[in-house]
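Residues per chain, in single letters:
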Amino acid sequence: MKLRHLTDTFFRYLFLVAGVSAIGILFSIFIMLAINGLQTFADVSIAQFILSAQWNPSAFGEPSYGILALVASTFMVTVGAMIIAVPLGIGTAAYISEIAPSYIRETLKPVVEILAGIPSVVVGFFGIVFLGPLIADMFNLTSGLNALNGSILLAVMALPTIVSVSEDALRSVPKEFKEASYALGVNRWLTLIKITLPAASSGIVAAVMLGVGRAIGETMTVLMATGNALQMPGSFFDSVRTMTANIAIELGEVPFGTTHYYGLFAVGLVLFLMSLAVNITSEHFTKKYRWTRK
Amino acid sequence: MNSKLFGLLSALLIGVILTGCGSGEDRAARKNIQINGSDTEVNLVQSLAETYMDKNPNVRIAVTGGGSGTGIAAIINGQTDIANSSRSMRESELEQARQRGIEPFPIIFATDGLAIITHESNPVESLTIEQISKIYRGEITNWKDLDGPDMTITLYGRQSNSGTYIYFREHIVKADYSARMRNMNGTAQIVEAIRSDRSGIGYVGIGYIADSEGNVISMINVVDVAADDKSPAVSPLDPENVMSSAYPISRPLYQYTNGMPEGDMLEFLRWELSEEGQKVVAQSGYYPVNEDYMQQNRELGIIE
Numbered sequence: 139m140k141l142r143h144l145t146d147t148f149f150r151y152l153f154l155v156a157g158v159s160a161i162g163i164l165f166s167i168f169i170m171l172a173i174n175g176l177q178t179f180a181d182v183s184i185a186q187f188i189l190s191a192q193w194n195p196s197a198f199g200e201p202s203y204g205i206l207a208l209v210a211s212t213f214m215v216t217v218g219a220m221i222i223a224v225p226l227g228i229g230t231a232a233y234i235s236e237i238a239p240s241y242i243r244e245t246l247k248p249v250v251e252i253l254a255g256i257p258s259v260v261v262g263f264f265g266i267v268f269l270g271p272l273i274a275d276m277f278n279l280t281s282g283l284n285a286l287n288g289s290i291l292l293a294v295m296a297l298p299t300i301v302s303v304s305e306d307a308l309r310s311v312p313k314e315f316k317e318a319s320y321a322l323g324v325n326r327w328l329t330l331i332k333i334t335l336p337a338a339s340s341g342i343v344a345a346v347m348l349g350v351g352r353a354i355g356e357t358m359t360v361l362m363a364t365g366n367a368l369q370m371p372g373s374f375f376d377s378v379r380t381m382t383a384n385i386a387i388e389l390g391e392v393p394f395g396t397t398h399y400y401g402l403f404a405v406g407l408v409l410f411l412m413s414l415a416v417n418i419t420s421e422h423f424t425k426k427y428r429w430t431r432k
Numbered sequence: 349m350n351s352k353l354f355g356l357l358s359a360l361l362i363g364v365i366l367t368g369c370g371s372g373e374d375r376a377a378r379k380n381i382q383i384n385g386s387d388t389e390v391n392l393v394q395s396l397a398e399t400y401m402d403k404n405p406n407v408r409i410a411v412t413g414g415g416s417g418t419g420i421a422a423i424i425n426g427q428t429d430i431a432n433s434s435r436s437m438r439e440s441e442l443e444q445a446r447q448r449g450i451e452p453f454p455i456i457f458a459t460d461g462l463a464i465i466t467h468e469s470n471p472v473e474s475l476t477i478e479q480i481s482k483i484y485r486g487e488i489t490n491w492k493d494l495d496g497p498d499m500t501i502t503l504y505g506r507q508s509n510s511g512t513y514i515y516f517r518e519h520i521v522k523a524d525y526s527a528r529m530r531n532m533n534g535t536a537q538i539v540e541a542i543r544s545d546r547s548g549i550g551y552v553g554i555g556y557i558a559d560s561e562g563n564v565i566s567m568i569n570v571v572d573v574a575a576d577d578k579s580p581a582v583s584p585l586d587p588e589n590v591m592s593s594a595y596p597i598s599r600p601l602y603q604y605t606n607g608m609p610e611g612d613m614l615e616f617l618r619w620e621l622s623e624e625g626q627k628v629v630a631q632s633g634y635y636p637v638n639e640d641y642m643q644q645n646r647e648l649g650i651i652e
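As they're listed, the protein sequences go chains A and B.
Heads up: the first sequence begins at 139 in this note's numbering, then just goes up one per residue.
Heads up: the second sequence begins at 349 in this note's numbering, then just goes up one per residue.
In case anyone wonders, no lab produced these hints; they're calculated from the structure.
On a predicted model such as this, the values are computed, not experimentally measured, just so you know.
Don't take each hint at face value.
Only part of the chain B face toward chain A is listed, based on derived beta-carbon distances under 10 Å [unchecked claim]: (1) S416; (2) T418; (3) S474; (4) S508; (5) N509; (6) K522; (7) D524; (8) A527; (9) R528; (10) N531; (11) S547; (12) G548; (13) A630; (14) Q631.
Ideal Cβ placement from N, Cα and C applies to all residues, glycine included.
Isolated chain B, as found in the complex:
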């Protein structure tokens, strides 16, 4: 080969390699945070991450869903930085994590009023926890038993990798779900199904059905829920009811890290709990962390 041509080509090649290296270093300077898990939280955390990245352009935060179970499995396997979870981790899961040298660290960053939804044509306005439990166990199967129309109830729920599925089963149903329950892939699918099903009932994170002003999306009726026969039925659309736990299906939303977070991750988590972060939470349709849980965060040392 002509030696001049060879020299030219090598110079070009070296140039390409060097430019490549340069941009590689740039990329390394950017901090990546991987967040994975709860479908209830995915849109909320996405909004938080986007707002945060606008202010801190050198931090990159990638948020994916898949369900709380998926997020928890990922943190146990060391495959994610932060696991979103709409339920607390089980003792067996904590045990598994510790066996692999992972020390799950919980942060409570928002509050959810888990909403019970029906089709807008359904006249049933309120239910007690016991009635909801019986509906999902398959013991009440017709709306006429609840002063509604004579119509078989169609149950919609999530799949077993969902934190909401587990939370709702442990705290409300307190038994196995009826085998007739349709297991939907995500919260949005439950909402979509209820919108077209006159006989349907479903449970969804409040952020999926309401905007920051508490306006509910069309075709959906949000049922008022009473703790028992004697308590008044209250709506999850009023922030007061949820934050004071007067609404009986109020629950904290979690993020788990491996050990006490540091550096950029800590900055981000602190920002989530700041006034500004909590405002984004409210804009996404969820509710801010109440004083008790804020205190818990303080005791764990995540904020002062």
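Looking at chain A on its own, in the form it has when it is part of the complex:
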């Protein structure tokens, strides 16, 4: 009896510590980013940092620290990825949950989820040797290392998340909704479009936001496939450098405690705030979706 109490208390505290430390780690990361990142502004004005499109800390002449082109690149690649992945992902999810016979469903879903397990460096390599030359051929460009290449690869990487979470949302729409629709003589297509998808919409939005989060934070793939030019991107055929790729490229050689060093933390801070905003939005919609399920 006494032992049982002890075990109980022990495990209660063990899980408390685990839970609290996860939050603690998140806060420590944020504070570390903020403390280091904010020191950038001792040398660089905030306005220049946000509004200038020139990022060149190890310049031949005057160094410059403007993240606009980096933010625009990240934004462009992510939006491009979502344009491809959202229709494809929701379509796949709808097929798996509503249309596919059970034996296809049993194989298709695990297969899509396996996609998530491909290491990003492999996806990036695929972008260099296969997708790059293909894009160059299709659009008659000289080089396929551009924003489009990165978008397509990120779409592939975000698909498993979007499919998996949307499929869960679609499947948890109460059976009665669909039955009521069928009883009124509505066909399967209209039931899917007018009843099931709207009922699952908040879950689907959460799925998309999780996909966005996946795409924003991805580093290796875009580093390999987009060419990393520092220019302000003009079109999807331009080479771009995302915020993540920029940090990965420069952090290895930056001398400790310099403005460049703090500048990279400031880029990381902006990235952190961006993905935090995305995650909070997704959490907001997930809560709604839990409510629908009741």
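Given chain A, put chain B in place with the hints provided.
The following block gives chain B in isolation, referenced to the frame of chain A:
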């Protein structure tokens, strides 16, 4: 617990621990040398290390790349034994090292003719340093201005942690690179990109495109380079041109140690500069150290 069983288990345990210790001592007897840095040098130093380890089985040499900047940062932070670098260390870096009690010691162990490469279909055969500089600054943007086809030039270069990136900018471009330049992760990626890009131009260490006989890999055109309008354009594929510095983008390749190297490290570095080591350098597509730099090595006391 049964005391016999207990005794047996303890004996087993002690046995395991002792065997463990034994192999640990073996490992300690082997000497480890950690080499880190330049992407231009990584394959070359790997070949040197492998040949050396075949002859000296009790020395272990681990070579990793990452870029000259990464190697230099590692030697400053005391995280590596030897830093490979395709550029000399800057005054600010030497200063930083000294503040941390590190005294960088340079060894020049090979010569590189930094090659300017284009796609094989590109008819432009030779360029002057000034033209190359203007191309990389973004002042010349079309091949037709260089008697080539009407095609926008696609620039390929390395990333800022690369010694080649810095060397090329300080000595050839002499200004900031155009923001349109694609910053590739390694030399091999530049070569790969040029092979499939008709309009591309890139700069790479000679060892990445030529074998020991001077045969260039397929789909690549190596541009002849002239120092100025009056000088003849010469090819980096001829060892004579590079070693005599007639080829204008010849550069020494460095290794840095912390202070005068000793023991196994000194043995290895001396072997690199020996006739045998320099033969491996030539087989890897790079060129041996010329007499001037060999003299510099002698003066620093690395060889007699």
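Evaluation of the provided hints:
no.: 1; hint: S416; result: holds (8 Å)
no.: 2; hint: T418; result: holds (5 Å)
no.: 3; hint: S474; result: violated (22 Å)
no.: 4; hint: S508; result: holds (5 Å)
no.: 5; hint: N509; result: holds (4 Å)
no.: 6; hint: K522; result: holds (7 Å)
no.: 7; hint: D524; result: holds (5 Å)
no.: 8; hint: A527; result: holds (4 Å)
no.: 9; hint: R528; result: holds (5 Å)
no.: 10; hint: N531; result: holds (4 Å)
no.: 11; hint: S547; result: holds (4 Å)
no.: 12; hint: G548; result: holds (7 Å)
no.: 13; hint: A630; result: violated (30 Å)
no.: 14; hint: Q631; result: violated (28 Å)
Checked against the numbered hints given earlier, the structure breaks hints 3, 13, 14 and satisfies all the rest.
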